[in-house]
Amino acid sequence: MPELPEVEVTCQGIRPYLLNHAITQVVVRQPQLRWPVPTQALKKHLTDQPVLAITRRGKYIVIHVPSEHLIIHLGMSGNLRILPQDTAIRKHDHFDCLLSSGYVLRLNDPRRFGAILWTKGPLAEFPQLKKLGPEPFSAAFSAKYLQQIASKHKVPIKALIMNAASVVGVGNIYASESLFMAKINPQRPAHSLTDKDCVRLHKAIQKILANAIQKGGTTLKDFSQSDGKPGYFKQELKVYGRKDEPCKKCHTNIIGIQLGQRSTYYCPSCQV
DNA sequence: CGTAGCGCCTGCCGGC
DNA sequence: TGCCGGCAGGCGCTAC
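Plus 893 on top of the position in the first sequence (first one is 1) and you've got this note's numbering.
Do not take every clue at face value.
Lysine-lysine pairs mimicking DSBU-like chemistry, simulated, CA-CA at most 30 angstroms apart [stated by the list, open to error]:
#: 1; residue 1: 1076; residue 2: 1013
#: 2; residue 1: 1096; residue 2: 1108
#: 3; residue 1: 1136; residue 2: 1122
#: 4; residue 1: 1096; residue 2: 1076
#: 5; residue 1: 1142; residue 2: 1127
#: 6; residue 1: 1089; residue 2: 1013
#: 7; residue 1: 1114; residue 2: 1089
#: 8; residue 1: 1037; residue 2: 1013
#: 9; residue 1: 937; residue 2: 1024
#: 10; residue 1: 1141; residue 2: 1076
#: 11; residue 1: 1013; residue 2: 1023
#: 12; residue 1: 1136; residue 2: 1089
#: 13; residue 1: 1114; residue 2: 1142
#: 14; residue 1: 1037; residue 2: 1114
#: 15; residue 1: 1108; residue 2: 1141
#: 16; residue 1: 984; residue 2: 1023
#: 17; residue 1: 1076; residue 2: 1142
#: 18; residue 1: 1131; residue 2: 1047
#: 19; residue 1: 1089; residue 2: 1122
#: 20; residue 1: 1047; residue 2: 1013
#: 21; residue 1: 1024; residue 2: 1047
#: 22; residue 1: 936; residue 2: 1023
Beta-carbon label-pair distances, calculated as ranges [stated by the list, open to error]:
#: 23; residue 1: 1120; residue 2: 1004; range: 36 to 42 angstroms
#: 24; residue 1: 1005; residue 2: 934; range: 40 to 46 angstroms
#: 25; residue 1: 918; residue 2: 960; range: 31 to 37 angstroms
#: 26; residue 1: 1144; residue 2: 1057; range: 34 to 40 angstroms
#: 27; residue 1: 1006; residue 2: 1046; range: 24 to 30 angstroms
Read the hints as simulated data drawn from the structure, not as lab findings.
Values in this document were obtained by computation on a predicted structure and should not be read as measured data.
Don't be surprised by glycine CBs; every beta carbon is placed ideally from N, CA and C.
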């Protein structure tokens, strides 16, 4: 479900309800997520701890308590909501953090591809975070950097930008949308991109992600912001999910293909 | 090493 | 109405 914009919107939504409030209780109803949930460690180390910060690294949400970190990944179908503590439990409500603010932070994740992790050590050394490439809005993610990695790989450019080791946060929707904005065919081998292509793609990735965050993310079916409202970027999608519909620029029908087992959309006329 | 393909799960939708 | 295949916003593991 979530790519970087949806995760960022989730962080922004939950922050006021967590920051400077204490975690009063941790409830794990389903310990089998992508990795086993470290239930005992969570209960022992998070209970009665104040939340000092909520940050994001790639698609991971990091909740900081004194000298430890709770790390949450939403996988494909995960959703974090802020709810009154007496809200009835629904199917797939796997994890709760009760808060001194009177609310509960609740994870619902039907497909259980998400994760609840915990670490005491430095965040940068945490295995899942250690492998991640630069943040798309950081100085490290420059047009020059994109040129360098593109020149070294022959995989389709869409696969390259979706690989979190290249740059974090670009998932299946925004990869297609960024490539449309940059006028690049998603199937092009990464090393075939010119420097100018990379400059356009770099800018497109940043613009698409920033605009999606500003619109509250993309709701296709099950994503909602932490207050339950949908994201409004769906209306902005130019190619994703628009197979056989006319391109908004040139009216050629949008093509839908499978690329690396992921559905991929592009305009055969605008994207070369 | 880079790359391709599979599998983890549940839910939903369209076709028969 | 029910069954079945295919598909879904992510990502790690395996084999080559």
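Evaluated hints:
Between residue 1076 and residue 1013 the CA atoms are separated by roughly 44 angstroms; this puts the pair beyond 30 angstroms, and the hint is violated. For the hint linking residue 1096 to residue 1108, the alpha-carbon distance of about 18 angstroms falls within 30 angstroms, and the restraint holds. Distance check on the hinted pair: residue 1136 and residue 1122 sit about 27 angstroms apart at the alpha-carbon level, within 30 angstroms; holds. For the proposed pair residue 1096 and residue 1076, the alpha carbon gap of about 12 angstroms is at most 30 angstroms, so the pair holds.
Taken as a hint, the residue 1142 and residue 1127 pair is honoured in the structure, with Cα atoms around 17 angstroms apart against an allowance of 30 angstroms. Note on residue 1089 and residue 1013: the hinted pairing is violated, with a Cα-Cα distance of about 44 angstroms set against a maximum of 30 angstroms. Of the supplied pair hints, the one linking residue 1114 and residue 1089 is violated, its CA atoms being roughly 36 angstroms apart against a limit of 30 angstroms. At most 30 angstroms may separate the alpha-carbon atoms for a hinted pair to count; residue 1037 and residue 1013 exceed this at roughly 35 angstroms.
Of the supplied pair hints, the one linking residue 937 and residue 1024 holds, its CA atoms being roughly 28 angstroms apart against a limit of 30 angstroms. Simply put, residue 1141 and residue 1076 have alpha-carbon atoms about 13 angstroms apart, close enough for the 30 angstroms limit, and the pair holds. Restraint check for residue 1013 and residue 1023: the C-alpha separation of about 15 angstroms stays at or below 30 angstroms, so the hint holds. The suggested pairing of residue 1136 with residue 1089 holds, with an alpha-carbon distance near 28 angstroms, which does not exceed 30 angstroms.
Restraint check for residue 1114 and residue 1142: the C-alpha separation of about 26 angstroms stays at or below 30 angstroms, so the hint holds. Taking the CA atoms of residue 1037 and residue 1114, the gap is about 37 angstroms. The hint is violated against a cut of 30 angstroms. Using a Cα cut-off of 30 angstroms, the hinted pair residue 1108 and residue 1141 holds, with the two alpha carbons roughly 19 angstroms apart. For the hint linking residue 984 to residue 1023, the alpha-carbon distance of about 33 angstroms lies beyond 30 angstroms, and the restraint is violated.
Straight-line distance between C-alpha atoms of residue 1076 and residue 1142 comes to about 11 angstroms, which keeps the hinted pair within the 30 angstroms bound. Distance restraint check for residue 1131 and residue 1047: the Cα-Cα separation of roughly 26 angstroms lies within the 30 angstroms cut-off, and the hinted pair is therefore satisfied. For the proposed pair residue 1089 and residue 1122, the alpha carbon gap of about 39 angstroms is over 30 angstroms, so the pair is violated. Distance check on the hinted pair: residue 1047 and residue 1013 sit about 39 angstroms apart at the alpha-carbon level, beyond 30 angstroms; violated.
For the proposed pair residue 1024 and residue 1047, the alpha carbon gap of about 21 angstroms is at most 30 angstroms, so the pair holds. About 25 angstroms separates the Cα atoms of residue 936 and residue 1023, which keeps this hinted pair within 30 angstroms; it holds. One distance hint, 36 to 42 angstroms for the beta-carbon pair residue 1120 and residue 1004, is violated here, with the actual separation near 23 angstroms. In this structure the supplied range 40 to 46 angstroms is violated for residue 1005 paired with residue 934, their Cβ-Cβ distance being about 19 angstroms.
Checked against the hint of 31 to 37 angstroms, the C-beta distance between residue 918 and residue 960 comes to roughly 20 angstroms, which is inconsistent with it. The hinted range of 34 to 40 angstroms is satisfied by residue 1144 and residue 1057, whose Cβ atoms lie roughly 35 angstroms apart. Against the hinted window of 24 to 30 angstroms, the Cβ-Cβ separation of residue 1006 and residue 1046 comes to about 26 angstroms, which satisfies the hint.
In the structure shown, a violation is registered for the earlier hints numbered 1, 6, 7, 8, 14, 16, 19, 20, 23, 24, 25, in ascending order.
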